[in-house]
Structures are given as C-alpha cells and as structure tokens.
Amino acid sequence: MPAVRTCRRTVPAGRSVNRSGGILLHSLTLDNGLKVVVEAWSGYPLVALNLWYHVGSRNEMKGKTGLAHLFEHMLFEGSQHVPKNGHFEHLERVGANVNGSTWYDRTNYYETFSKEALSLSLWLESDRMGFFLPSLTEEKLNNQREVVKNERRWRVENRPYGLWDERLFEMAFPPEHPYHHPVIGYMEDLETMDMEDVRAFFQAYYAPNNCTLTLAGGVDMDDAVDEVRKYFDDIPPSELPAPPSATPVVRANHTYETLKDRVKLPKIFLLYPLPSVGSPECRMAEVASTLLTRGVSSRLYRRVIMEYPIAVEVTSRVYPLELGSAMIFILTLKKDTDPHGAIESFDAVLAELSRTPPGEEEFKKAVAQVRRRWLSELDNLTDRADMISMGTTLFQDPSWAFSEADRVSDVSRSSLLPWVHTYVDSKKRATLTFLPEDDRE
Amino acid sequence: MTVSDWRAEAPSLTRADLTWPKREDVAGPGKDISWYRISTFSMEQVHLIYPGGSRFDPEGLFGLHDTLGQLLLSGTKTLQMARLNEKLERWGSRISVTVLQDVLVFSVYLLPEYRHKIVPLVREILTDTTFPGKEVKRVKDRQEALLTAALNDPRKMSYYLVTALTFANTPYEKPTRGTFSGLQAVSREEVRRAYRNVCSSASPRVVGVGEGWEEWLSLFGPGDGKSEIPENEPRFTTFREGKRYFYPREGAAQSEIRMILPIPDSAPLYPLLIMNNSFGGRFTSRLNLNLRETHGYTYGVRTIVVRKQSARYLYLTVAVHNDVTARTLEEIQKERERLVSGGVSARECSESATYLVGNLFRALEAPELLANRALDRIIAGEPEDYFTTFSDRIRSVTAPQVKHAAEQVLGVSDRAVTVVVGAPEVGKELQGVEILDAHPFG
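Protein chains in written order, with our numbering: chain L, 1 to 441; chain G, 1 to 442.
Each hint should be verified, as a subset may be incorrect.
[What the hints assert, rightly or not] Using 27 angstroms as the maximum straight-line C-alpha spacing, the simulated DSS-like pairs for lysine-lysine come out as follows:
no.	chain 1	residue 1	chain 2	residue 2
1	L	K264	G	K77
2	G	K77	G	K137
3	L	K335	L	K264
4	L	K264	G	K137
It is worth saying that the hints were derived from the structure and are not from the lab. It should be emphasised that the depicted structure is a prediction, and the values quoted were computed from it without experimental measurement.
With these hints in hand, go ahead and build the complete structure from the sequences.
Encoded structure:
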C-alpha cells in the first residue's frame with residue numbers, strides 16, 4: 001500500500017479526489033446521504049471495508065445504557081436475506097477478519113478480506129443496513145443479551161481493576177453528560193432491553209445518511225463505486241434525531257475516590273478533561289502524555305520507576321472524543337506503597353514540567369513517537385480504513401488521519417506551557433485509587 | 001421483481017490469485033537472514049531470534065532469561081540507559097524483547113530513514129550491555145510485583161496453572177516470568193552469564209519485513225557462531241494424566257476454563273489445523289456456535305493449535321457465567337465426541353481450508369503481522385516452503401483425515417488437563433475435580 005511519508009490536507013468537495021503525497025482518496029455522497037470513500041491501489045491482494053455509523057453510547061437514554069453495544073451484537077444476527085450467523089459464515093468461508101465495536105461517539109463494522117469477496121461483503125453490509133428488521137426475533141435478542149452480560153462480566157466484573165473506566169468517567173462527567181455512563185451499559189439496564197428498544201434504535205440511527213463507508217486496498221476505483229451504488233443506492237435515508245450536545249466539562253474541584261478490589265497492588269487513575277478530538281489541545285495532549293509516560297526516558301517513568309521506585313508501571317492514554325476528550329494517567333504501584341505519596345510524586349513531576357519545560361530534543365523525541373504511532377496505524381490496512389471513516393465522519397475530511405501524522409510534527413514547543421497551565425490542573429481532575437481489599441486506606 | 005428479490009442470493013466470489021511475497025534468504029557462515037523486501041509500508045519490523053527462552057532457565061533460577069530480556073535496554077559501555085533510550089525514542093523506533101518458552105526475540109520496529117543509526121546501536125546492545133546492579137534489582141522487583149499481581153488475575157492464573165500441570169517436570173512447567181524463589185536467586189552475575197551465552201557469543205537468526213536487509217548484515221561479525229535455534233527438539237512424551245482441577249477465587253463473577261489436549265507426534269499438521277478450525281478456531285466453529293450463539297453461556301470460546309519446539313497441543317479458553325460452568329464442560333465434551341464420531345463433511349473441510357488460506361494472507365496487512373508469521377514458522381520448525389505450499393497442502397486435506405486427527409486429539413479422554421478458576425461454590429458443584437490450593441509461582 002502507499003506508504004505514508006508526507007501528506008498535505010486538501011478540502012474535499014462533492015465527488016472529489018484528495019491526492020496527497022501518493023495517497024489518492026476518492027470520496028462522494030450518494031443521494032441517500034451515504035458517504036463513500038475509496039482508496040484504491042492495483043495489485044494489492046487485500047481489501048478493507050469499514051462502516052462508521054455515527055451513533056454510540058452517547059445517544060442512549062437513562063435506563064437504557066448499553067443499547068448501542070447490544071445493538072451492535074444484534075446486527076450480526078442476520079437480516080432479511082442472511083440467516084443468523086450468516087454474516088460470519090459467508091465471510092469466514094473466505095478467511096476474512098470480521099468484527100465491530102461500539103464507542104462513545106460511533107459504532108463501526110469492518111471486515112478485511114481477499115479482493116474476491118468485495119461484492120459479497122457489500123451485499124452483506126447493505127442487507128443489514130436496509131433489511132435488518134424482518135429478521136429480528138425475541139430469541140435472538142435474549143441470546144445476545146446473555147452474551148453481552150457475559151462480556152460485561154469478562155471485561156469488568158471478573159477482571160482486576162475492571163471497574164476503573166466506568167467509575168472514572170462517572171466521576172469526571174456529570175450525570176446528565178452523554179459520557180457519564182459506560183459503553184457496555186449497566187447490568188440492570190441490559191436486563192430490561194426489549195424488542196421495541198432495538199427496533200426504535202435501528203430505525204433512528206441505522207440509515208445511510210448516518211453512515212460513512214470506506215473501501216481501501218486492492219479495488220478498482222470505478223468498479224468499487226459502481227458496486228457500492230448497486231447495493232446501497234436503494235436504501236432510503238431516515239430522519240435522524242438531533243445529535244446529543246454537552247457543554248464542555250469544566251471542573252471546579254478535584255474529585256477523589258478510593259475503591260477496594262481483589263487485587264494485590266494499589267493502582268491510581270487520573271483523568272483530565274480536554275477539548276474535542278481534532279483540536280490543537282487534543283493533539284498537544286498526545287505529545288505531552290508521551291513526554292511524560294512513554295518510554296524509559298519519559299519524565300514520569302524516570303521519577304516513579306527508576307529514581308524513586310514506587311511504581312511498576314506508568315502509562316497514559318488520550319480518549320479522543322467529540323463532546324470533550326479525556327487524558328488519563330495510570331500508575332500501578334508497588335505493594336504497600338502509600339497512594340497519597342505516589343500522587344504527590346506525580347504532581348511534583350507535573351509541576352516540574354512548568355518550571356523546567358522540555359528542551360528542543362526532549363520535545364522532538366515525544367513528537368517523533370506520536371508520529372510513529374500514527375504511521376503504524378496507517379500501515380495496517382484495517383486500521384487505515386477505520387481512520388479514513390473517522391476523518392470523513394468527524395471532520396468531513398477523508399485524509400484527516402494522513403494529515404494528522406504531519407500536523408503533529410508542527411506542534412510547537414512554545415504552546416506546551418500554556419496548555420499545561422490550562423489543562424493539567426490538579427484541581428480539575430478526577431482521581432480514582434484502587435486498594436487491595438485487605439488494606440487499610 | 002421487487003427491490004429485495006435480487007438480494008436473495010449471495011453474490012458469487014470473483015477469482016483472485018493470492019501469491020505469497022518472495023522471501024530473500026541470506027545464509028552463510030554465521031549469517032541467517034530471512035527477509036521480505038516490501039517497500040510499501042511506512043515502518044519496518046525486524047525480529048532477532050536467539051535460543052534464550054525460559055526453557056533454558058537453570059533449576060532454581062526460574063525467571064533468569066525473562067529478567068535478561070527486560071534488562072537488554074539498561075545501558076551499554078558507551079551509553080547509559082537514559083541516553084540509550086532517548087536516542088531510540090527520538091528516532092521514533094520501538095525496541096521490545098519478548099522471552100517465550102523456546103526463544104528470546106529482540107524486536108525492532110523502525111522508520112527506514114533511521115535504520116543506519118539504529119542497526120549499530122542494536123549491535124552495541126547485543127554485545128556490550130553492562131547490566132548495572134541497580135537496574136538488575138529494579139527489574140527483579142518489578143518482575144516479582146507483576147507475579148504478585150497475577151495471583152489475583154483469573155485469566156493469568158488459569159493459563160499458568162493449566163500449563164504447569166500439563167508440563168510438570170518439563171522445561172515448560174514454570175511461568176516464563178519465573179517464580180518468586182527463582183527471581184530472588186537471580187543475581188547480576190547470572191544475568192551477565194546468560195547474556196554471554198545467549199546474545200554476545202553468537203549471531204541471531206533475523207527475520208524482517210522492510211526495504212532491505214543489507215544494513216542488518218553488520219550484526220554478523222566475522223567468525224561469529226551462528227545462533228542455533230534448536231530444531232527437531234525431542235517432544236515431551238509423558239504428560240500428566242488428564243484430570244480436572246479447580247482453583248477457588250472468592251467472589252469470582254465467572255469461571256475461567258482452560259484445557260490442554262496434547263497432540264501426538266504422529267498427527268499430521270494440516271488435518272489438525274482443519275480439525276481445530278472446525279472445532280473452536282473461528283467464530284462459526286462448533287464450540288462457539290454452541291456455547292455462545294445457541295446457549296449464551298459466554299462472550300466467546302476459542303481453540304488454537306500451539307506449536308512449540310518440544311510440544312504441540314490444542315489449547316481451549318473460555319469464560320462462562322458461574323451458573324453454567326458444569327453445563328459448559330458437558331457441552332465441550334459433547335462437541336468433542338461429535339467431531340470424533342461423526343467427523344466433518346467435505347464442505348466443512350473445504351470451508352475451513354479456505355478460511356485458513358485467507359487467514360494466512362491477511363498477514364500481508366501490516367509489516368509486524370508478516371514478520372510474526374515468519375517468526376512463528378521458525379519456532380514451530382516448519383519447513384522453508386511452508387507459506388508457499390500452504391494453500392495447496394491445506395486444500396488437499398480430506399474429511400477422513402480430519403476425522404482421524406479428531407480421534408488422535410479430541411478422542412483421547414484421559415489426556416486432557418482442565419483447569420477452572422472460579423467462585424468456591426462453583427467448585428463444590430463440579431464432579432471429579434481436584435481442588436488446588438497452591439499457585440505455580442512458588
């Protein structure tokens with residue numbers, strides 16, 4: 001596939017072609033609102049098909065948490081012309097990788113296959129987009145409800161520290177915020193889901209005008225567009241509900257909570273709210289969190305693992321979200337370490353960042369690592385198609401991810417300190433500490 | 001014709017010829033490079049393979065080689081740890097060391113434009129690492145902390161227990177990370193000795209995906225011995241008698257079930273792979289359709305054929321709600337018997353073959369996937385032409401051959417070792433289980 005070395009952003013318009021440093025993206029919108037993007041290169045043996053529906057857990061009502069994710073499961077249960085498990089059966093016959101995932105802002109469905117299966121994949125995706133309801137049964141719903149309950153037990157309840165992100169988001173986002181509740185939903189809500197919930201959810205959100213379809217890999221550009229039209233043109237759009245909105249979270253106070261769990265090591269999670277995905281502040285968060293935690297030479301690693309070894313691991317992640325992102329730091333402490341002391345060490349490193357900001361070398365190092373992560377994702381065909389869908393859905397720019405790999409190189413060191421003062425403020429964060437059950441606080 | 005009539009039939013597949021990329025082999029005195037020269041990825045992935053797996057941990061020093069692996073970036077004679085890692089991070093590269101049971105794998109994930117800087121640094125790491133005492137202690141402490149954390153992780157415990165029980169008294173018994181007593185005993189001198197034995201006295205086998213291997217030649221000095229990854233290692237032949245074990249975990253919300261079924265030496269590979277695929281090796285496998293899609297007992301069940309240098313086995317993993325633990329074990333047994341007695345249809349055989357071919361070619365998606373496949377081939381001792389002949393060989397497997405493979409692996413009921421990690425009340429309901437009260441990290 002074309003390697004991503006440099007890429008300049010261009011603005012798509014209608015049936016447009018983004019040609020950027022060897023990357024050629026062809027985008028158009030069908031009459032029913034389906035956004036289609038094709039990245040074609042001849043001779044490549046594989047194709048990635050990716051659909052982003054712009055619906056996620058943020059669209060759920062109180063008392064119906066987990067519906068978006070449960071629905072994702074239901075969409076694999078067949079459609080009018082595809083029996084239960086038929087979606088998997090058809091694609092596994094050709095050795096395809098098939099899956100989907102639900103997130104706060106979106107639900108994606110993807111498959112990667114050898115190019116012989118292009119028509120088959122498009123047929124399957126279009127059948128479940130346009131003709132899902134006739135196949136919906138109570139038996140399927142009950143079955144997948146049990147599967148999802150087991151998934152929750154596996155991911156959350158039977159896992160050390162399993163409640164961490166659920167509880168941390170509850171602390172960080174107020175109850176009325178769309179990100180307050182977990183994507184997988186609460187067990188009591190899963191129990192109450194019924195056929196009408198599933199039917200209404202499909203009718204509201206699963207429509208071509210709420211979807212981006214990306215094809216990347218060994219396809220012919222014109223043939224691919226023709227095939228997409230053939231299978232999707234006749235699916236009517238729907239009137240979409242208004243998207244959820246939320247005022248940016250501005251925390252006035254530090255929130256701190258301690259939970260006991262069946263674990264042996266204390267662990268601390270710290271969340272700082274940020275502006276939305278795609279913002280310069282979110283981009284800076286990637287660089288700053290890398291500078292602080294990624295790699296042996298990062299500041300927090302040196303402090304809490306090497307110089308004053310109170311931790312066994314320190315990591316960070318940025319959750320890039322539309323209604324306000326989150327930057328999270330995670331410290332796994334050594335046994336019997338006092339978490340309050342660990343938090344003081346953490347705060348000391350962040351304070352030092354203000355007093356002794358990084359020099360050119362240190363900053364460039366963090367930028368290089370972030371850039372490498374972007375290139376790595378774009379090197380993987382499945383992830384690449386997903387990034388194209390993401391850029392199209394969130395920014396109306398299919399080449400967004402390619403450009404982002406370059407934009408990060410333009411992040412200015414002089415912007416770091418103002419960013420630190422605004423967003424890395426201990427008074428604005430949520431802190432969740434897990435202690436072993438037999439420890440006193 | 002209505003709009004939806006033409007949709008009633010699935011479209012047929014168009015023909016596509018899948019060709020495995022050409023591999024370049026560079027062999028000679030002290031050299032062994034297998035390379036896929038592909039320039040269309042942004043990144044390159046290289047694995048340097050040494051015979052330094054945990055199976056080589058001496059008695060009483062379990063965890064030695066994993067500790068060595070963790071310390072390989074702790075600094076050289078000319079570069080202290082911080083500076084060494086700063087350089088690597090500045091060049092956007094990632095070096096990781098993975099110690100498996102059979103081999104130590106030094107992996108480099110890099111941007112091609114920095115290769116000329118990274119390769120000399122890698123050579124320095126593999127010949128002149130100094131292992132400062134402070135770093136040895138820090139890593140040992142960390143290893144012990146991670147072992148401690150594993151005690152409360154049901155997924156890790158179930159894996160370590162089933163492995164320890166199946167491979168008792170063999171080099172595969174102990175966890176790769178080691179044991180508490182082993183880590184206590186590991187000294188700086190032991191680490192340095194292991195380093196000399198593993199890394200600095202012989203050159204590695206190199207597998208890679210990227211623009212070219214030429215610069216990696218500098219890893220091989222004149223007169224270097226060639227790293228002999230042991231091939232045709234004797235397989236372990238005496239396995240613990242098949243049994244069920246239960247390890248209680250207070251308050252567990254699910255039962256984590258792991259099962260190992262040994263594969264005899266005489267079982268040919270390709271029918272095995274098809275048998276596994278049909279049994280539990282994909283979403284629409286018999287096990288998953290039963291346990292998940294029919295009964296809703298689990299989020300998913302999987303089986304894989306594990307190929308190590310001294311053992312091949314079928315490994316089953318599933319997590320189920322407490323209430324259905326016993327029923328799950330019954331259903332697994334039923335599916336075993338069904339496959340043994342009824343075999344697979346010709347169509348099922350053919351579909352599994354196509355799945356496996358497609359699955360193999362998806363390694364072309366990313367450089368690290370392709371490099372990992374090349375690594376797995378070497379560890380498993382598969383022949384040089386494994387990838388280029390895979391499609392023909394797997395498609396020529398017949399249904400009777402698959403049935404025979406099922407008889408050899410699934411049908412031998414007294415050889416399956418099963419471990420369940422779950423709530424104590426679940427253990428009381430299970431028939432014929434031995435309750436475990438010790439962990440494998442002693």
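Outcome of the hint check:
1. L/K264 with G/K77: violated (37 angstroms)
2. G/K77 with G/K137: Holds: G/K77 and G/K137 sit about 19 angstroms apart, inside 27 angstroms.
3. L/K335 with L/K264: holds (7 angstroms)
4. L/K264 with G/K137: holds (21 angstroms)
Of the hints listed earlier, the one the structure fails to meet is number 1.
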